[in-house]
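Undergrad: Note that the protein sequences, when read in sequence, are chains E and R. The numbering of the first sequence is the UniProt record's numbering, which starts it at 1 and goes up by one. The numbering of the second sequence is the UniProt record's numbering, which starts it at 1 and goes up by one.
No wet-lab data here; the hints were simulated from the structure. Nothing false has been slipped in among the hints.
One copy or any two copies: either way a pair holds, since identical chains are not told apart in the list.
Each computed SDA-like pair below joins lysine to any residue, with the alpha-carbon atoms no more than 20 angstroms apart:
1) 513 with 424
2) 173 with 190
3) 268 with 502
4) 513 with 427
5) 463 with 264
6) 513 with 405
7) 513 with 411
8) 463 with 61
9) 506 with 267
10) 506 with 436
11) 268 with 501
12) 268 with 462
13) 506 with 531
Please read all numbers here as calculations on a predicted model, not as lab measurements.
Number of protein chains: 2
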Amino acid sequence: MLRWLTNYRREWLAGDLSAGVIVALMLLPQGMAYAIVAGLPPVTGLYASILPPIVYALFGSSMVQSVGPMAITSLMTGTALAALTAPGSALSVVLAGQMALIAGATLFLSGVFRLGFLAGFLSRPVMSGFTTGAALVITGGQIEPLLGGPLVAIHPPSAIIGLSSLLALWLAKQFLVRGLRALGLSARLADMLTKLAPVLVLVIATAVAALGLAQARVRVVGDIPSGMPTMALTLSAEHWRPLLVPALLIAFMIFLSSQSAAQSLAQKRGERIISNRELLGLGAANLASALSGAFPVTGSISRSAVNYAAGANTPVAGVISACLIVLVLWVPTTWVSLLPLPALAATIILAVLGMIDFTTLRDAWRYDRSDAGALLATIAGVLLLGVEEGVVLGVVLSLATLIWRTSRPHIAVIGKIPGSEHFRNVERHHVETLPEVLMLRIDADLFFGNVDAVTDHLENLLKARAAEGLATHHVVLVMSAVSLIDTTGLYALTEINRSLEAQRVKLHLTEVKGPVMDRLQRSELLSRQLSGQVFLSTAQAFRSLGEGASQEN
Amino acid sequence: MLRWLTNYRREWLAGDLSAGVIVALMLLPQGMAYAIVAGLPPVTGLYASILPPIVYALFGSSMVQSVGPMAITSLMTGTALAALTAPGSALSVVLAGQMALIAGATLFLSGVFRLGFLAGFLSRPVMSGFTTGAALVITGGQIEPLLGGPLVAIHPPSAIIGLSSLLALWLAKQFLVRGLRALGLSARLADMLTKLAPVLVLVIATAVAALGLAQARVRVVGDIPSGMPTMALTLSAEHWRPLLVPALLIAFMIFLSSQSAAQSLAQKRGERIISNRELLGLGAANLASALSGAFPVTGSISRSAVNYAAGANTPVAGVISACLIVLVLWVPTTWVSLLPLPALAATIILAVLGMIDFTTLRDAWRYDRSDAGALLATIAGVLLLGVEEGVVLGVVLSLATLIWRTSRPHIAVIGKIPGSEHFRNVERHHVETLPEVLMLRIDADLFFGNVDAVTDHLENLLKARAAEGLATHHVVLVMSAVSLIDTTGLYALTEINRSLEAQRVKLHLTEVKGPVMDRLQRSELLSRQLSGQVFLSTAQAFRSLGEGASQEN
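Isolated chain E (complex conformation):
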């Protein structure tokens, strides 16, 4: 921790400085815009950009992560607050801080208890579906501010500013990189300058609005209190309960969003992201956000990528950004107050449209239809049920596809390849079998999700043998592919053993892996109940049961 600070090299400073400046210029409009998405006063977005990145630097493990306001978490904050209070009210600011507090504490404690594995609750296609759905919801919510009113009653001056800002931003995105490269700039520099187009567009829009359209009643950002946020935490005792579930869901999405941003950049830099350190960093950043009158924050994929591309070497870049935001708040902020909301809506729309991702859908559609189905259902869930419901649905769908895939494990009836010690599937190879012995290889872990299928399959096999007139006196389960038997799996084995015993069939186990065996030895199944034996190898079981059979004959 903080090794980057004690080992700081002077030559890193140039990169950190340029990245810090560029990210600060991105953060200014983004911070205010995402505060609006969260239904909060614009200045809170700037507050969310000061302490959180500094505190993240102390605990997090990514060198180039830009922590601050982010589209999805702001949308989730806004949705949760809308159910409890009016947007922009004093209470909404209190509740936003309280959400950041709960989310931050949850993340921090998850880091302490090393719960980073929980990121594995969401598959990548489902995450992509959630992001796309959230981007569509945010875009839908910005159409009214963009046009200055609902579609049936747009406000022409606002619509002109909004739509021309949107057009300018779109043109910049499409052509500016190419234009700048034609002027001889490097690809990286051209790309970075393009990211600053929103600031430029907003400055022009503000100038136009301030000069020409002052009487046209275009809505503007309004007064921004000058100076630093007050370091204080106001809480609303009656709102702990209604905020709990939304805050937990936000904590989950904070971790997942940040994790995917951090990981892709760390891979490029040859560094490692330690999930549990990330949890600490994000938790501390959100606690800091709660203290500074702001709202839930996370690592932003788009800003972090710019930070990396602009040459950031260490979290010093983030600290520099934060200092610049502080400077902006200390100089008179009148110019910010004149920023027209339609132009800000245009920057939001163009930013989140970039989050819409059809590549993953195409890949999943080709590769695995159930993943593609989960992705589409998550988009539909976010749009039709809501954002929080979308997160829950996404988790359910990720796990449902997992449970579904693992619910019917492959089980092979095996026999011995003549003249060898190898055992193979009887359906694919010419193998020897013993007359009254059924040998099965279970190609999966035995856990609560598939024990019914395994029990069923075994019963069917026994019935099929009986129907063919084959007696069965021994069932041998080959456990070479089983690395886990949970308690439900143990119960299933116990019941299989009991039911076979009632039919006078002995159950044997072979090739049980070390850790699985250690555990089984603590159960009554092995110590008392098992009707047959535990063999070390399948070959040994085959030999022993074969000899037994020939003696009986």
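Assemble chain R onto chain E, guided by the hints.
TA: Leaving out everything else, chain R in the frame of chain E:
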């Protein structure tokens, strides 16, 4: 379907008849008691015992399942209704029917779409924890009716009836079986008669209350409308939304409770339970319950076991029970109206105390601490957060233990056993390795829950080799234990390939299973990106890369 009816044999009738009578005698007090637990008029519990078992008989797959009111689903119904209306109100009856409608439709459609695998969302320890927690909640809720008032202000006549009923029931449970057997009855008969103790106790308590304590104001069941329920469905349009989530959770628990009851009995009878047929049967039964002015129903473990023990052969037993309940409703029901509530509370308490299960906790504690932890956390969740929250928590904990266990798969660095074609873990065997080749066997499926760990592990291995001064030019992934690569896994492999290529390391795959290969061939990873080769066997990879190395040298 209905094969049991077309093939019905006369000799089955005796068993079905005796089981039908005994189960009806159990259903009478249970039906009213569980209606009270659900916060509904007692008669609705009798309505829930008529049509649902008959309709289940048409669709379900179990021969001996007793479908009707059950403790856990009644508790869940009561909890959901309590948030919306006063217990026993006219609206509560409407909403209970609406819950049964939503739950029934969900179950039926889940059956049509073959979603029976969803039972695999809850592990057995967690289910045990949920049942224990629910039993404690129900017991807690019955203490006030048992004593005729809160603990600080008990109503002595009520408490006398309640506590003496409880004592009588407890004594019957402890000693009646033994007593009856001493009188020469068979174990089965003694056991069955013991199950009728509640009816006997209630009859005595009713007589005592009616004769001696009429002036003592002991609360009684009250007027039971005579005759059949009206077949009609009143709905409340504004309550669809608040009922949705509770009804979905109840549907899930209906399926799980019924499934475990049906499965253990089917195993004893050598029959099979088809999950998707069970879903249809339970769905239809709940739709029928909605139509008959009742509430969500499911298969009861305790009644089904009695039904089986009393000799039930087919669902005809359930139909006979239903007819007997109809008879009871057609004769004058004055005697039922005098049934004292404290005695009914005693039967509830004794019934649900039997659901408290510490055996599973003990087994899980010995065998797998994480399962035991999930069980305890689920009990705590039901008690502290609530019943619905307990179900959700249980699902989350089941899946969390699964994700946690699979999140760090075993990955072995392997080498060739000299003079053979076998490859084994370098740490456990003396094996040959190639100087610039890292061979890994992944002992798990590659899915969203473990891809980060796999990527991390590989990076660490490469760093460790670099630290020892070993160059790596080839990484070979041995996929013999991988039966599944989901879309997230495919992305991880693609990123591993890209990151290795950036370090000038080639990625090769060997022993990819057929179905996994079919899928990979549809991806760009195999068709275009893979830097290395796909070998059929590890031995072939070893030979080919070994030759390549010696040529290079």
